[in-house]
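Visitor: This is what each chain is made of:
There are 2 protein chains.
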Amino acid sequence: MINKVMGIDIGGTSIKLALFDVTGLMLDQWSIPTNTANAGSEIPVEIVDSINERMNQNNQELAEVLGIGIGVPGPVTDQVVKRAVNLGWTDFPLKQMIENSLNIPVALLNDANAAALGELWKGSTEPVQNVVFVTVGTGVGGGIIVNGKILNGEHSSGGEIGHIPVQAEEERICGCGNINCLECYGSANGMIQTLNRLADETVVSNTKELFTLIQMNNLLAKETLKITVDYLGRAIAGIVNTLDPEEIVIGGGVSEAGQLFLSPLRDAIESYAFPQIAGNFRLRKAILGNEAGMYGAAYQVVSTLKEYAI
Amino acid sequence: MINKVMGIDIGGTSIKLALFDVTGLMLDQWSIPTNTANAGSEIPVEIVDSINERMNQNNQELAEVLGIGIGVPGPVTDQVVKRAVNLGWTDFPLKQMIENSLNIPVALLNDANAAALGELWKGSTEPVQNVVFVTVGTGVGGGIIVNGKILNGEHSSGGEIGHIPVQAEEERICGCGNINCLECYGSANGMIQTLNRLADETVVSNTKELFTLIQMNNLLAKETLKITVDYLGRAIAGIVNTLDPEEIVIGGGVSEAGQLFLSPLRDAIESYAFPQIAGNFRLRKAILGNEAGMYGAAYQVVSTLKEYAI
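Residue numbers (our numbering), protein chains in the order written: chain S, 1 to 310; chain B, 1 to 310.
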């Protein structure tokens, strides 16, 4: 039966692949290492070979696959990967290459956007169409979904929540080259830097240690959390006051601290949100973890099929 | 020929009405005073009477009007006006009332959103679908358009740009009840307050006087402008980094200062924008002035007709 789609998430160290039916039931999942040799030029062939091999192994027909969605670690404009620094790609025509080899329609999207779509499709308990997805991990990233569609933007910078400018007494230089982006303060790295600076020595090297200190009622660690959620809360409230979404979803490594992190974050957003939103917004933790990208990449295909009522 | 639409903009002092053809050519325009007596309960009847009278005068047939769009000064949820403080309305079924009287489909939307749609339809030199519209006037307002549609939001707070929280040393209380919203610093009132505070006396009472001082090279007035565009630039860059629109449109009374205001504002946005956007975004002044709301209200009808290919 021709009712299958594939979702692929290309990361810097591994490529995750999954086969779904169009309702989002995951039928198969596997991964291959990311081969960054020769500026990532082997990656398309290795994806194609891996798909063919896996389908053969499982006695599945490629002809049953309606489309393949692929999340990539970089901006995508007009279905071309503009840049993927970790892979070595610049203006890389991945869609065309995979389509030529497999003769199946391919849809590309940015990996953070794919994760957001995954949470839209399979993470929410009720159907939603307007979601702000924020990942708080090594950096701060995100995806904006409006009317069920990812907002990619004119320069594929839609959802670059981590680069909202913040006001601070310090000057921290962001990876993007700007000074005092949200990511410099609201990310795992930002939190660690804040605590070490407050303590004037290296107290922790990761956020797990930091949250352990918080549970032990360490004052500087608690102050660090307060500062961090204040930066995040202010920026997220700014987005929420502008977009007024149905749901805010928080993912990424730091969200694994659970309510210890999410509860003060919710309070901070609430304190800055527009009054008619403040008591009245939905915030939840992302639940798909590192499978979100595969789900979302597959959903990009499914939503296109729906649109054209195929 | 049945190819006409109406656009109505209900303000606190007057109601502006216009007849357009579906391409956006304005065929007729008039206004009536806003009657706020009896909690604004006479307004629907007076709109209906005024339309009937005007059509009769001009020998035009109401049957030629495909639909009526109405911009209202308050939030609209599920096509009901939730609140319009200036008019005295709460949960006011304006759509139903006008439809029952005229037997023509009515679409309601918030007035700032209507102005944004008007600029999308008739203000841009080339077709755009993704626009951030910011009005800098007595307050700071706005509208967000994604894929050609206004983003109204879950609580009709989409585009409430004026209530993005900002960080400041002072504490200014916003009309919404929160402290230090963008509007407290980035609006005409905010600018005047900033200058008077810097000077420690009442120097100006309106922004026209303030811009005259700037042209005369007054240092405190120039400092005020710098502070103002910094607040606005940071907030708008935050939106732009998140939504990555095709165009930023600046309207409202303060925008009438032209390049004296827009040029430093552009510089401020550029300094805070994500690098791939910074050198590369379009910002323009709104051009429809107080006619934008009528155009946008009419376009709300036209875009619905297009969607259903009527």
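Keep in mind that the hints are not guaranteed to be accurate.
It does not matter which identical chain is used: a pair holds within one copy or between any two.
As the list claims (entries may be wrong) - Calculated pairs, DSBU-like style, for lysine-lysine (alpha carbon to alpha carbon, straight line, at most 35 Å):
#1 LYS222 / LYS82
#2 LYS16 / LYS122
#3 LYS222 / LYS306
#4 LYS149 / LYS226
#5 LYS226 / LYS122
#6 LYS222 / LYS149
#7 LYS208 / LYS222
#8 LYS16 / LYS306
#9 LYS306 / LYS226
#10 LYS208 / LYS226
#11 LYS306 / LYS149
Calculated directly from the structure, the hints in this document are not laboratory data.
Visitor: Of the hints given before, which are not true for this structure?
Guide: 1, 3, 6, 9
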